[in-house]
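Peer 1: The residues making up each chain are set out below.
Protein chains: 2
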Amino acid sequence: MPALPAKYEQLTREARPGAVLGAAQRVLSWDQETMMPTNGAGIRAEQLEMLAGMVHERLTSAKVGDLIAACESDKQVMSDPLAAAGVREFRREYDKKTKLPKSLVEEITKCSSQGLHAWRDARAKSDFSKFLPHLEKTIELARKKAECFGKPVGGELYDALMDEYEPGMTSARTAEVFKPLRAFTVELLDKVRSAPNKPSRAAAVAEFPIEKQKDFVAFVVKAIGFDFDSGRIDDSTHPFCEDVGPGDVRLTNRYRANGWADSISSGMHEAGHGMYEQGLNHDFFGTPLGQYISLGVHESQSRMWENLVGRSLPFWEWATPHAHKMLGGGISKYYASDVYKACNLVEPSFIRVESDEVTYNLHIMLRFDFERAMIRGDLKPKDLPGEWNKRIKADLGLTVPDDKTGCLQDIHWSMGAVGYFATYTFGNIYASQFWEAMAKDIPGRDDLMRKGDFAPILKWLREKIHIHGRRYGAEELCKMITGSTLDSAALMRHLSAKVRGVYGV
Amino acid sequence: MPALPAKYEQLTREARPGAVLGAAQRVLSWDQETMMPTNGAGIRAEQLEMLAGMVHERLTSAKVGDLIAACESDKQVMSDPLAAAGVREFRREYDKKTKLPKSLVEEITKCSSQGLHAWRDARAKSDFSKFLPHLEKTIELARKKAECFGKPVGGELYDALMDEYEPGMTSARTAEVFKPLRAFTVELLDKVRSAPNKPSRAAAVAEFPIEKQKDFVAFVVKAIGFDFDSGRIDDSTHPFCEDVGPGDVRLTNRYRANGWADSISSGMHEAGHGMYEQGLNHDFFGTPLGQYISLGVHESQSRMWENLVGRSLPFWEWATPHAHKMLGGGISKYYASDVYKACNLVEPSFIRVESDEVTYNLHIMLRFDFERAMIRGDLKPKDLPGEWNKRIKADLGLTVPDDKTGCLQDIHWSMGAVGYFATYTFGNIYASQFWEAMAKDIPGRDDLMRKGDFAPILKWLREKIHIHGRRYGAEELCKMITGSTLDSAALMRHLSAKVRGVYGV
Chain F
-6 MPALPAKYEQ LTREARPGAV LGAAQRVLSW DQETMMPTNG AGIRAEQLEM
44 LAGMVHERLT SAKVGDLIAA CESDKQVMSD PLAAAGVREF RREYDKKTKL
94 PKSLVEEITK CSSQGLHAWR DARAKSDFSK FLPHLEKTIE LARKKAECFG
144 KPVGGELYDA LMDEYEPGMT SARTAEVFKP LRAFTVELLD KVRSAPNKPS
194 RAAAVAEFPI EKQKDFVAFV VKAIGFDFDS GRIDDSTHPF CEDVGPGDVR
244 LTNRYRANGW ADSISSGMHE AGHGMYEQGL NHDFFGTPLG QYISLGVHES
294 QSRMWENLVG RSLPFWEWAT PHAHKMLGGG ISKYYASDVY KACNLVEPSF
344 IRVESDEVTY NLHIMLRFDF ERAMIRGDLK PKDLPGEWNK RIKADLGLTV
394 PDDKTGCLQD IHWSMGAVGY FATYTFGNIY ASQFWEAMAK DIPGRDDLMR
444 KGDFAPILKW LREKIHIHGR RYGAEELCKM ITGSTLDSAA LMRHLSAKVR
494 GVYGV
Chain X
-6 MPALPAKYEQ LTREARPGAV LGAAQRVLSW DQETMMPTNG AGIRAEQLEM
44 LAGMVHERLT SAKVGDLIAA CESDKQVMSD PLAAAGVREF RREYDKKTKL
94 PKSLVEEITK CSSQGLHAWR DARAKSDFSK FLPHLEKTIE LARKKAECFG
144 KPVGGELYDA LMDEYEPGMT SARTAEVFKP LRAFTVELLD KVRSAPNKPS
194 RAAAVAEFPI EKQKDFVAFV VKAIGFDFDS GRIDDSTHPF CEDVGPGDVR
244 LTNRYRANGW ADSISSGMHE AGHGMYEQGL NHDFFGTPLG QYISLGVHES
294 QSRMWENLVG RSLPFWEWAT PHAHKMLGGG ISKYYASDVY KACNLVEPSF
344 IRVESDEVTY NLHIMLRFDF ERAMIRGDLK PKDLPGEWNK RIKADLGLTV
394 PDDKTGCLQD IHWSMGAVGY FATYTFGNIY ASQFWEAMAK DIPGRDDLMR
444 KGDFAPILKW LREKIHIHGR RYGAEELCKM ITGSTLDSAA LMRHLSAKVR
494 GVYGV
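As given, the protein sequences belong to chains F and X, one line each in that order.
Residue 478 in the numbering used here sits at position 485 of the first sequence, with consecutive numbering throughout.
Residue 400 in the numbering used here sits at position 407 of the second sequence, with consecutive numbering throughout.
Calculated directly from the structure, the hints in this document are not laboratory data.
Here the structure is a predicted model, which means the values were calculated and not measured.
Note that the Cβ used here is the ideal one computed from N, Cα and C, for glycine as well.
Hints should not be assumed to be uniformly reliable.
To be verified - The calculated lysine-lysine pairs, modelled on BS3-like cross-linking and capped at a C-alpha distance of 27 Å, are: (1) X/Lys130 - F/Lys205; (2) X/Lys207 - F/Lys205; (3) F/Lys207 - X/Lys205.
To be verified - A few chain F positions that, by computed beta-carbon distances, are all more than 10 Å from chain X: (4) Ala17; (5) Val20; (6) Glu100; (7) Arg113; (8) Phe221; (9) Phe278; (10) Ala329; (11) Ser330; (12) Asn382; (13) Arg384; (14) Asp439; (15) Gly445.
Bound conformation, chain F alone (with noise of 0.2 Å):
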């Protein structure tokens, strides 16, 4: 690799002992999910926010921002594409890092932390009035964070909470590619319920011993390319992926007797955000140029390889035989298309966390409107479960019974996550735009997955996308790679051709 002019060096250089030490953070707070005692809870809190009090100085000293500076000012640097990208990003980070007031920093922290143990309480109770003031208070303390960041021209407030989230991405471009799919997606539904054959789910939900599981998760994931030299799968109640450092990635899955669907999915789901931290340059660790590029770029390839690959007849094709060998008994009966049929059922559900391929992108866009609403000051936190109720009705024909079954099922808010929950979807909608155009690179492709070789569909992902890391922006790469900026035609058709795989219609 050719060296980055001598300034970039000398800034990237001050740079790494704070990712050094923020890497060192993710293995403690890995820790905390999988491994750590409860008795070490104590100690363990204390660690995590002294380190992040030292990787934040680190990474917001004035010694960076002066380099930054000297960057942006430096000839050399700023005509070497890759150097001046890299200089962009740690501006965009240094700033984000640096606009807040410590003040205002403190009351987010205080709030989160409260409105955590008030969202608990309330989802407990199904009683949203609990969460309320909290709710409020996030709301008016976010507004208040993207007032500092500042709102982009033309753009609205919102636009700067998603900006963190999804770097460059605003509201009315998310509108845009939204209104679409909604209208798609509740046309489908409808096609979908009138649909004259409803395949059976059983052989999604027969039961297996969860060590069986276990193994089985861990020959698929390893089989798609997650690399067991750098990185593991253990356990957690909610599955994640943690990039610990380079060369050290650590999924978590969860099991339930009789879900070993579900872990198959989860799992592919985490090992695809894993592959692509393993696919990162690590020469560039603890720089822009070595980092995934957004979370809607990073959920299009743990959503590829969940549903493009995970939910394919080619994929299972290939899998059933081996879950007759690893799994054994209750599953010798199905068929590869018994198998995919039953992990592809359409069924409007309440909870986004189980919904479908289909219904999915419904609670998101329910979401993001909302949370703009909120921001824009169109709704008030009060009138949301009532909202809430009207648009699952209207979107997906149910009745809504409780708000823990509402408005209260997602941990973001309490957190004070404002401006997330669009990169879920932005995540389905890349993948199936990367999906198509990779189909033009790989024309067997559908044939090397009843093979089982995933390597030429890896390859592919780690050389259009992995390797470049934040040198282009999401959308800039998606034209790079697909000719378009974020669309949702593709996902549209994928779903429809799904739809018509899985129920004839």
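Put chain X on the given structure of chain F with help from the hints.
Peer 2: This is chain X only, laid out in the frame that chain F set:
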């Protein structure tokens, strides 16, 4: 708990961040040994080095030094026995950490790192000449280090090295304590050799599935009192105990198909270390009053549970029926007395870590004598293999076949740990002394063990030893508890009784 004097509290507050970071460092190090994937090694080394530097910087800061000095001249502090003890130990640590010039520390670090590589290579090839230059350098640097610490009045350089692991201990005292033990052991071995009947090892080497062994070890470790809300047990190549913070003590163990009895021993050994850490006063975390006294006392706790409990007949009278239930199969034909005898065979062997309770100390005494002689200059490193083999012949009657089975077997010197070995035998001695003293306070101890009631033993250890942290020195505490300082008589009585029980001689 009554508050300690203000000036002392100020010192402990100043020391806390270093301790908190030190605990974080231990989590990373535990993770490295147990969880980390291969390719995570690079960043982990960087993190550990960085944290080590930060911890060192905080613990050796001028501010800490000033506060120690301020405490030493503060009447309120020095007239409070707890605080005064804390200051004494803060001073000892601070001086140790600040007395070495940076250049020497760096030289030692470099030498250890190269030495470790050289040692692995030399051991693999059983070629002492490959390790010799590193051993020479290690001894030279150890001598320099000892000179920086300064030798005690009337003592020798080697004492300053021992003091790092066993504060207050000298080589003269050690030699005095070891002398009768060596003569006794050689004589006891002769007795064993002449015993008419040798018990069978069969019960200890019956084969069981590893998973069942793990469950059984966890069961035993929990039964003797290790708190799994404040700890866990995992696998590793070499068993160890890492106290990663208050309320979080991590054991590891290893398993072989035909090594269930060894796994119980090593599990109980590590749990003994772990229960000491769990029994420290966590209100004093990050200060000497919340730390273990010395490696010898630490080892006394592991050896007590491993040998005095775990290799006793009453223990196996309780454990054998559980083994029947949990391991099943090949163990059901053995009685408690079979297992007891099988795991107490005395057989001279070459490798320290595989040796039995009787011969173990001969291996240690050899190392102590040779280390001391090398530091004195009385033994040249190049002459080590010859002297080693002569001594093994004299003490154990064995002919060393090669250096990997001889003087290259231990990792310690390669890491620069000179002055450490004797603490293993101190542990055996202290354990026996404590065990005899405990018998007076818990008259029905054997019956309690037969019923699986180990709580009174742990309670005694907690109250007599654990809770005091570093308030008293090792020999001082031993005298308080047993009426005498370090004295091998109790160990000799224990070993005689053991040999009588197992061999009938």
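Peer 1: According to the definition I'm using, a residue is off the interface if its beta carbon is farther than 10 Å from all beta carbons of the partner; does F/Ala329 meet that for chain X?
Peer 2: 32 Å, holds
Peer 1: According to the definition I'm using, a residue is off the interface if its beta carbon is farther than 10 Å from all beta carbons of the partner; does F/Asp439 meet that for chain X?
Peer 2: 32 Å, holds
Peer 1: Next pair to validate is X/Lys207 with F/Lys205; report whether the Cα-Cα distance is within 27 Å.
Peer 2: 19 Å, holds
Peer 1: Test the statement that F/Arg384 is away from the interface with chain X: the closest C-beta pair must be farther apart than 10 Å.
Peer 2: 44 Å, holds
Peer 1: Looking at F/Asn382 again, its CB stays over 10 Å from all of chain X?
Peer 2: The assertion about F/Asn382 holds, with a minimum of 42 Å to chain X.
Peer 1: May I ask you to check that F/Phe278 keeps its beta-carbon over 10 Å from the closest beta-carbon of chain X?
Peer 2: 7 Å, violated
Peer 1: Run the distance test for X/Lys130 versus F/Lys205: straight-line Cα separation, threshold 27 Å.
Peer 2: Given pair X/Lys130, F/Lys205 is violated - Cα atoms ~53 Å apart, limit 27 Å.
Peer 1: With d taken as the least Cβ-Cβ distance between F/Ser330 and chain X, does d exceed 10 Å?
Peer 2: Given a closest Cβ separation of 37 Å, the condition holds.
Peer 1: Please verify whether F/Lys207 and X/Lys205 have alpha carbons no more than 27 Å apart.
Peer 2: 19 Å, holds
Peer 1: At 10 Å, judged by beta carbons, does F/Arg113 keep clear of chain X as stated?
Peer 2: Check passes; 21 Å lies beyond 10 Å.
Peer 1: Please confirm whether F/Ala17 is truly not at the interface, meaning its C-beta sits more than 10 Å away from all C-beta atoms of chain X.
Peer 2: 5 Å, violated
Peer 1: Are all C-beta atoms of chain X more than 10 Å from that of F/Glu100?
Peer 2: 25 Å, holds
When held up to the earlier numbered hints, the structure conflicts with 1, 4, 5, 8 and 9 and fits the remainder.
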